[in-house]
Amino acid sequence: MRVALFIPCYVDTLFPQAGQATVRVLERLGHELRFPEGQTCCGQMHVNTGYQREAIPLVRNFVRAFGAFDHVVAPSASCVGEVREIYPRLARLAHDPGLVEDVDALVPRVHELTSFLVDQLGVEDVGAYFPHRVTFHPTCHSQRVLHIGDRPQRLLRRVRGIELVPLPDAQECCGFGGTFSVKNADTSSAMLASKVARVLDTGAEVCAAADNSCLMHIGGALHRQRTGVRTLHVAEILASTEARPWGPA
Amino acid sequence: MSGGTPRSRPFGEAAREALQDVQLRRNLGKATTAIREKRVRVTEELPDWQELREAGRAIKAHTLAHLDHYLMRLEQNVVARGGQVHWARDAAEANAIVQELVTATGAREAIKVKSLTTDEIGLNDALASVGVHAIETDLAELIVQLAHEPSSHILVPAIHKNRAEIRALFLRSMGLRSDELSDAPADLAAAARRFLRAKFLTATVGISGANFAVAETGAVCVVESEGNGRMCTTLPETLITVMGIEKVVPGWRAMEVFLQSLPRSSTAERMNPYTSFWTGVRYGDGPRAFHLVLLDNGRSDVLASDDRRQTLQCIRCSACLNICPVYARVGGHAYGSHYPGPIGSILSPQLVDTPEVDTLPFASTLCGACYEVCPVKIDIPSVLLDLRLRAVERRRARRGRLAALDTEDGAMRLAAGIFAEAHRYRWMQRWARLVQRPFVKDGYVERLPGYLGGWTRTRDLPAVPGKTFREWWRDREVDA
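Chains A and B, in that order, are what the protein sequence lines are.
For the first sequence, counting from 1, position 112 maps to 112 in the working numbering; every step adds exactly one.
For the second sequence, counting from 1, position 324 maps to 324 in the working numbering; every step adds exactly one.
Derived from the structure by calculation, the hints contain no laboratory data.
All the pointers check out, no bait thrown in.
Derived DSBU-like pairs (lysine-lysine); straight-line CA-CA distance at most 30 Å: (1) B:38 with B:377; (2) B:441 with A:183; (3) B:30 with B:377; (4) A:183 with B:30; (5) B:467 with B:441; (6) A:183 with B:377.
Construct the complete structure from the given sequences, taking the supplied hints into account.
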């Protein structure tokens, strides 16, 4: 099985530890990984800001980078959602039958990390150890675009030592929304204030999610307010073992 | 959407102001939370809720695909039963038709059933200009009319007001002494009832919108909670109904679906208290004249778009407003449109073309909660994306040659160029690590200039670390 890593641009640039954790988990489970160096950005920012035509070259680049692999795995529900749900539409917008064909063939092979672990590999216990109090935020795109349901929680529940505490109003958006967070910064911040309050209510040390983008938002406020609560990608918790506790490589 | 209150401010600006109003947020939060919880209860109790949603979508999609046929059929049947049908291309035509119909009766007052469509065309102002006073009879609509404010919610126009605010308004506008009225809901309703009863008994013209019209028989339907609507459709001698062309349904069987899904989605009730149907006129019972005004006002343009046609499936339940985390924070007025919330963000920009209305498709995080609750399965996030694309194109068209100077446009084009080639992207990562230096403190950026300052007002940003993932990967490959 040829598995390629899709490390979205902001994970690559700002949260490399989430990518490293993904590598550690998958290699621990015995998989050989490839990282196609031609990959860049999936184009979600462009699409969501109204620049869909400008995103078409990025679709072509993605197909070039990943077209040859059996499976493409990414630690980001949002970017995988972009590829799976929006790429077919962009390919049609490009009026390019070849691109439509390539995209339609590739899209079903692109997986979000926790879905890949549970559905493709059939594992829930990845042998992790993480003795901390953790609350989990189910991000909007993971739930309402990709419909990954409770797959991340199923994995987290099998982590030894973890204390998983439910997040009230978990399904409500944190207010990130990509460029929404700067275009409508005030509304975004008001939504974020509610999310942060709920996270603090849980008394958790760590707020986890399957998307670094939402975590960047929530974590940005947790850090600004000096709450001491950390944000971690699910992969970072799954990467942690008793022998090798998680820390950036 | 000509007439009424045209929006004159971008969403972001109006939202910022609304967010300062702590009382507004408290009122909205309380109201939307209560109705959200109730909606979940009354939809989850149905084993076939998802099938009902699909049936609603399918009926509407079918009707829209054959809209000309069903509208002609509706006209035929309304006329056969003694009603008259008028076709209005836009708001101005519709207003002119209603003005003429009302003034022909000699009436100086008309009583109204709550109607978004008449708000859309600005009918009350149009009637006032010919000396006719239109009186809103829906309690919440009456409240906003007395307060000289626009509605802030499709279903609960006064959702932004609490009891104390309503009491003060009634005291002021109904000429009551403060010892005559408490802020108990029953007391407030009684005061409104006394005020309205006198109007019901004297008015000779009633004006309504329509929730549905059944093409196979010509029956028109209004659903409501108070019974005041039924007073308006039965007591006056003349009844005028203004209806968007998308409200027609093929036959009575469609009502089996919508009379289940609409009340559960809107007021979170199993059944709404008053469902009125009327078909033409009947001697000795109800109005002696019935006029149905069929309004286009941009709808056939929406119908022409494959991607956005589904907007017209809307049955105005307002479930999308109640679930929307943006709406819950800023309220309806921030949208500056008669159709606020997620549905307004996709409908309004398709009915008017202004720079301000084009900010509405961006008034969403694309969280998808609206799509999940929509009883006719309108994929609102997908239509929002399509309208964002169109907003960018319309902005370029409006600016003409100046479009090249647009900052966002330039930044997006530049970013697309960089992302199209991996080597340019790697160069940008290294560049970002350099230019961030003056802003970084302990691994975080706490203050950014310009556009990005919107982020750092309330949030820190992690700095670009010493090694990106791909640099780490490359080093690892080399080591191995």
